[in-house]
Amino acid sequence: MSAYWITVLTQTCIFAIMGLGLNVVWGWSGDFDLAFYGYVALGAYLTIVLTVGKPLPPIQYILGYTLPYPLAVAIAVAVVTGVAAVIGAVALRNLRAIYFAITTLGAISVLYVVVQVYTPLFNGFNGVAGLVTPMAGTLGLSYDSYGYFFLGLCATSLLVLAVMLSRLSASPFGRLLRAIRDDEDAAAAFGRRVYRSKLKAYLLSAAIAGFAGGLFAGFLGSFNPTAWSPQEVLTLYAGVLVGGRGNVRGVILGIFVVYIAFIELTRFLPEIPGNGAFAPAVRQVLIGLLIIGMLKFRPQGIVPEPLGLDGPRPGIRWRFWQDPRTASAAGGEP
Amino acid sequence: MTVILRAEALNKSFGGVRAVNGCSFTLREGSVTGLIGPNGAGKSTAIDLLSGFQRPDSGSAFLDGVPLIGKAPHDISRLGLIRTFQSPREWASLSVLDNLLLAMREYGRESIWRGVLRPVREAPQRVRAREILDRFGLGSLINAPAGTLSGGQKRLLEFARIAAAGPRLLILDEPMGGVNPVLGERIHQAIGDFVAHGSTVVVVEHNLRFIEETCDEVIVMSLGAVIAQGPYAALRNDPQVVDAYLGEVQDHV
Amino acid sequence: METLLLTIGFGLVTASILALSAVSFTLQYAVSRVANLAHGEFLALGAYAAYLVQKGTPNVAAAALAAALTGGVAGLTVNFALIERFAGRPAIVTFIATLGLSLVLQNVLVVGFGAANVAYTISQGSPHKVGPFQWTSADIMVMVAALTVVALLFLLLRATTFGTSLRAIADNRELARVSGIPVRRVIAQTWFIAGMVAGFAGFVLAETVGTFGPTSGFSYLLITITATVAGGLGRPYGTLTGALVVGMVLELAGAYTNSSYELAFAFAVLVLLVLFRPNGLFAFRGAPA
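Protein chains in written order, with the numbering used here: chain R, 1 to 334; chain B, 335 to 587; chain X, 588 to 876.
Hints in this document: simulated from the structure, not taken from any laboratory.
Bear in mind that the values here come from a model prediction, so they are computed numbers and not experimental data.
Do not take every clue at face value.
Straight line, CA to CA, 20 Å or less: simulated SDA-like cross-link-like pairs of lysine to any residue [unchecked claim]:
no. : chain 1 : residue 1 : chain 2 : residue 2
1   : B       : Lys405    : R       : Arg193
2   : B       : Lys405    : B       : Glu342
3   : B       : Lys405    : R       : Arg196
4   : B       : Lys405    : R       : Ala207
5   : R       : Lys200    : B       : His408
6   : X       : Lys716    : X       : Glu589
7   : R       : Lys200    : B       : Arg448
8   : R       : Lys296    : X       : Ala668
9   : R       : Lys200    : B       : Gly442
Only some residues are given here: those of chain R computed to face chain X with a beta carbon under 10 Å [stated by the list, open to error]:
no. : residue
10  : Phe32
11  : Leu151
12  : Val257
13  : Ile260
14  : Val285
For glycine and all other residues, C-beta sits at the position ideal for the given N, C-alpha and C.
With these hints in hand, go ahead and build the complete structure from the sequences.
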């Protein structure tokens with residue numbers, strides 16, 4: 001396999017993991033959480049500053065330890081979940097739909113600004129770097145084989161997570177989340193703790209985001225604000241929307257379609273002299289149109305989940321792509 | 335003749351409007367009580383106050399001696415008080431079966447860890463759910479998404495859910511809205527079954543004939559307060575009650 | 588004390604621009620019940636239109652006019668191409684669609700003008716003291732313009748049939764429809780007017796700051812939303828006050844700390860509002876204005 005494809009596949013696996021995390025809060029819980037990518041970013045930043053050691057001036061950032069990569073990722077996940085607990089506690093208490101979306105939009109906007117302006121945190125605009133081929137030393141990997149190793153790591157993580165989340169989807173917890181999404185007053189009338197359940201889902205999604213961030217940091221080796229600009233964020237949401245929210249396998253499919261197809265598509269765009277941002281901008285225009293188009297014509301995604309248990313399945317019958325024994329569906333509005 | 339529910343001097347205002355005004359009453363265990371009154375009498379608000387969906391400005395309420403005011407809706411539900419809403423509130427994307435499984439109010443299986451580590455079987459619950467659905471004539475729809483049911487089927491599903499939940503105190507908010515006589519008879523039976531299984535029932539209704547046939551006694555509300563409580567037969571000619579209802583009477587045949 | 592008064596003076600200028608943007612946003616919400624996340628791009632399109640005109644002529648009025656017209660056309664187009672296409676869907680769906688649209692428009696601007704900021708060269712004039720405040724002639728013109736536009740808007744709302752129809756639709760669309768009001772047409776006209784105001788706001792913002800980029804509109808969106816929520820979504824009078832309050836808070840915060848944290852302060856205000864006063868600072872139990 002060429003180095004190019006190893007890179008593309010590794011990256012897409014990482015985005016698929018992000019997609020699965022976003023699916024927990026947006027697909028199952030039904031909350032349009034715009035702060036999600038902020039958790040990814042935080043996970044990436046923390047992983048790096050926990051592994052690359054003290055900063056050399058004029059570079060500045062907090063922490064600066066040289067912990068082993070797996071430990072750094074674990075700590076990053078824990079911290080990110082803690083931050084999410086605070087934001088979630090505020091946003092989920094009484095806010096729904098638009099107000100929730102606006103609040104989370106505000107949260108990630110603030111985080112974005114603070115990280116850029118307050119340099120002592122994560123070195124501002126320039127970001128942090130230096131995480132080169134984590135674990136290569138301990139595992140005795142050569143430069144050539146490292147690519148395969150990291151791809152394997154990401155793909156395995158994706159697989160394990162997908163299996164776990166599929167089970168969760170079909171479990172009473174998954175059923176509960178969807179019931180709350182469909183009618184939370186009825187859920188409360190039958191004794192369900194709406195706020196607590198939503199918060200649990202929110203924390204789970206943030207933890208997955210943090211983990212993906214850790215992998216992303218290992219993949220990129222560095223992290224700065226352009227890695228989590230609004231365009232990057234919306235590409236992820238488009239991927240989840242295209243695949244089929246609420247459906248674990250559908251989301252993975254959607255991410256692969258959007259990221260690989262789009263990467264390939266925009267490779268063939270012409271370079272415009274003087275406007276280096278042309279190709280990426282066109283890609284973003286397409287992403288935006290994709291989001292609008294999907295919402296208008298196929299909000300349930302390419303692979304809508306089966307409604308009910310063995311009930312009639314709308315759209316394409318793609319048995320492999322539909323979650324097993326799924327107790328419920330998300331074949332409706334975001 | 336134990337008292338299962340006691341409401342004392344409940345008050346609730348919205349802006350300048352007094353929706354519930356010194357509302358007090360008691361309910362006997364095992365009874366079927368109608369809660370009637372003209373539109374705007376405060377019946378739905380009173381239900382919201384009792385079930386925790388609204389907080390009263392003042393007043394108290396006790397279920398089996400346990401104070402209700404200040405508790406969240408899910409806590410009150412866990413004490414055994416189940417209420418319905420004016421329209422059937424099924425969980426539309428879940429199957430009929432799942433609607434029932436959720437209604438069974440067994441919360442221990444819903445943790446994330448259990449969901450991931452050991453797939454949950456729920457066999458005895460499924461058997462019981464199937465049984466209940468057959469009783470309500472919804473057996474063939476067991477796997478259908480609840481959102482695809484007809485209006486009448488959704489009503490039946492609601493009652494199936496209640497049967498699954500086995501409430502201590504059931505408050506029905508206008509269960510007969512838009513219901514045909516055959517379905518109405520089925521609902522009447524269902525209420526009887528609930529009582530036979532140990533529930534106490536309160537029915538908010540405008541359909542006075544239904545009230546007459548189903549309820550042991552009625553509580554009459556007007557302008558936010560209880561103006562009379564007693565057997566329907568005795569109250570229907572009570573001048574106060576008639577007065578409150580002037581122009582509001584709806585006698586469904 | 589001196590600094591405080593100066594800051595208040597600047598706050599009034601900030602609030603004026605914010606008022607324009609926020610009133611436009613709130614009008615859109617009032618008639619369509621949609622929080623339009625592409626609103627910032629109305630400002631951006633207006634700013635860029637003014638930029639193009641200014642490359643040809645130094646005539647400020649021409650630039651302002653171009654900005655307003657571009658904004659108006661943009662508003663009309665967005666209403667037709669997007670809002671109406673999503674009629675009947677839950678508000679959150681249209682909300683996400685406008686987010687997608689924002690992405691599209693921002694990047695169309697990048698394709699057209701490049702990613703870097705463009706410069707606006709209106710001379711600010713030297714600052715002079717007006718009472719305890721210190722304003723340039725440009726500042727004063729901004730405030731006067733903002734006041735005039737807002738006054739005209741309110742005149743429109745109060746004293747014309749159009750305004751009455753608009754308020755009726757904002758209150759209860761179905762009732763307005765069966766009362767014989769040409770709902771679809773009035774909504775389109777509202778979006779045109781709101782777009783014009785937004786385009787003009789973009790022009791004013793660009794002139795005041797001196798530069799503008801493809802993402803500047805979106806950045807201004809969060810502050811706009813904060814001001815609108817402060818005043819109560821969909822309530823024009825409240826929005827004005829909201830803009831004043833938020834504009835002041837931002838200036839004061841920026842004066843006493845690093846002004847790059849403007850967005851952070853806006854968000855803090857927004858969160859507090861949404862938590863404790865989602866119906867606006869002046870919420871009374873009653874129908875929206």
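Against the structure, the hints come out as follows:
1. The suggested pairing of Lys405 of chain B with Arg193 of chain R holds, with an alpha-carbon distance near 12 Å, which does not exceed 20 Å.
2. Taking the CA atoms of Lys405 of chain B and Glu342 of chain B, the gap is near 16 Å; set against the 20 Å cutoff, the hint holds.
3. Using a Cα cut-off of 20 Å, the hinted pair Lys405 of chain B and Arg196 of chain R holds, with the two alpha carbons roughly 15 Å apart.
4. A C-alpha spacing of about 31 Å is found between Lys405 of chain B and Ala207 of chain R, which places the hinted pair above 20 Å, so the restraint is violated.
5. Of the pairs offered as hints, the one joining Lys200 of chain R and His408 of chain B holds, with about 17 Å between alpha carbons and a cut-off of 20 Å not exceeded.
6. With a C-alpha separation of about 12 Å, the suggested pairing of Lys716 of chain X with Glu589 of chain X holds against the 20 Å cut-off.
7. About 14 Å separates the Cα atoms of Lys200 of chain R and Arg448 of chain B, which keeps this hinted pair within 20 Å; it holds.
8. Proximity of Lys296 of chain R to Ala668 of chain X is assessed by CA-CA distance (about 11 Å); at most 20 Å being required, the pair is judged to hold.
9. Note on Lys200 of chain R and Gly442 of chain B: the hinted pairing holds, with a Cα-Cα distance of about 15 Å set against a maximum of 20 Å.
10. Below 10 Å, beta-carbon pairs count as interface contacts, and Phe32 of chain R has one with chain X at about 6 Å; its hint therefore holds.
11. Look at Leu151 of chain R: its Cβ only gets to about 30 Å from chain X, farther than 10 Å, so that hint breaks.
12. A distance limit of 10 Å between C-beta atoms decides the matter here; for Val257 of chain R the minimum to chain X is near 17 Å, and the interface restraint is violated.
13. A least Cβ separation of about 20 Å between Ile260 of chain R and chain X goes past the 10 Å threshold, and the interface hint is therefore violated.
14. Annotation: interface hint on Val285 of chain R holds; nearest CB of chain X at approximately 5 Å, less than 10 Å.
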